[in-house]
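Trainee: The primary structure of each chain is shown beneath.
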Amino acid sequence: MSTYWPWWAGAAGLALVTITYTLLTDRSFGVSSAWDRVLHWRSERRIERMDEEFADDRALADALAAATAEHFGTRPGSGSGSGVTTSPPVAYGKPQPLESDSEPTPSESPSAASLRPVPLVTQAALLVSIFLGGLIAAVASGRFQLRFDMGPGFKDLVTADPAAMIGLLFLGGVLVGFGTRLAGGCSSGHGLSGCGRLRPVSIVATAVFFGTAVAVSFLLWKVI
Amino acid sequence: MRTRGTILLANIITGLALGFTVTNIGFGDYAELNRMFTFQDLRMFFSFAGAVGIIVCVFALLRVRRTPGRIHAGVIPGAVLFGTGWAISGGCPAIPIVQVASGYLPALVTLVGVAVGIGLCRWANARYFHLDRGSCGL
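If you read the sequences in order, they're chains E and P. For the first sequence, the working numbering assigns the number 796 to the initial residue and increments by one for each residue that follows. For the second sequence, the working numbering assigns the number 616 to the initial residue and increments by one for each residue that follows.
Keep in mind that the hints were calculated from the coordinates and are not lab data. Do not rely on the hints blindly, as some may be mistaken.
[Unchecked claim] Here are the computed distance ranges between Cβ atoms for each label pair:
# : chain 1 : residue 1 : chain 2 : residue 2 : range
1 : E       : 801       : P       : 671       : 18 to 24 Å
2 : E       : 961       : P       : 676       : 43 to 49 Å
3 : E       : 941       : P       : 744       : 38 to 44 Å
4 : E       : 951       : P       : 619       : 46 to 52 Å
[Said to hold, decoys possible] So, partial list: chain E residues that the calculated Cβ filter (under 10 Å) puts toward chain P:
# : residue
5 : 863
6 : 960
7 : 988
8 : 991
9 : 1003
[What the hints assert, rightly or not] Facing chain E, according to a computed beta carbon distance under 10 Å, are these residues of chain P, among others:
#  : residue
10 : 637
11 : 660
12 : 668
13 : 742
Just so you know, even glycine gets a beta-carbon here, dropped at the ideal spot from N, CA and C.
Starting from the given sequences, assemble the full structure and let the hints guide the process.
Mentor: Pasting the structure below:
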């Protein structure tokens, strides 16, 4: 059995994963979000279908502008039946300054399209790929072994009783699932991507979940 | 804007690399995880902290844009629950997957628990909390 990677190799690996994903997709990644979307695939698919109808930002803007012009009668041919309009003809068809002109240009701020969630199927692919990556690593390193316990560490520190083990793993899983979605992220989303971007919310969340895990682990190790 | 195919490819590469990396670091090994949290062995802690340090530097150099995020009422309670669950089960949302991939079959129960917890959170938020939780990304 081989040993685990040294810390610097682990740091480089985790950093490479996060940076590569961000550069390829221009987004942050988070495993708990992927879980959330895959588990609620029905509602996510419904949202995706609605989103696809408005996928083209320019077409949507044009449609809204046309509908607005139609409603207020400011488009050529949409005025009164006499053909007399209240606005000077020069205004028609000429781009009018809008408040949004003061907004950042698309190159400075992301478009609505780039802020849309990534397709659901890509999230499922992420979870399956994590499994395959873990399987390749376990087999290649000689650590793969089918077992019905969680290893000597769990036996010594938590419980050796199979029924209690199942109950605690389930409880722990529920807390992880509930907690990560309530906090808006997990160790990959808040911990790597969020802290990497120096987001205050991610720094706070990471400090709190690491601190709590330290406290509970000390309780398991020293007290219980 | 990235295409659907690019994002799919990125997710596959990222998933494979993440699974491979965290398995080789030892995040799926409960004894290693407990040794990190109790400061008996700082190797995995340095891996995580070192990764964050590298990411901060590279993102600053590449001027990667910040994503929005605010500290809402769910952040601290959620992080406390997550930290407790992580210490008990040894799994953050990605880790039970690699535990199963390494042959730890009981980690399937953790995965079921994670799924139940995520579903409960969505239900409770819609019914009681009404938090605009945002997301860590995606």
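Trainee: For each hint, tell me whether it holds in the structure or not.
Mentor: Tested hints:
1. 801/E with 671/P: 18 to 24 Å: 21 Å, holds
2. 961/E with 676/P: 43 to 49 Å: 47 Å, holds
3. 941/E with 744/P: 38 to 44 Å: At 40 Å between Cβs, range holds.
4. 951/E with 619/P: 46 to 52 Å: 47 Å, holds
5. 863: 26 Å, violated
6. 960: 6 Å, holds
7. 988: 6 Å, holds
8. 991: 3 Å, holds
9. 1003: Holds, because the Cβ-Cβ distance from residue 1003/E to chain P comes to roughly 4 Å (cut-off 10 Å).
10. 637: Cβ of residue 637/P sits 7 Å from chain E, so the hint holds.
11. 660: Hint on residue 660/P: holds, closest Cβ of chain E at ~8 Å, below 10 Å.
12. 668: 8 Å, holds
13. 742: 14 Å, violated
Of the hints listed earlier, those the structure fails to meet are numbers 5, 13, in rising order.
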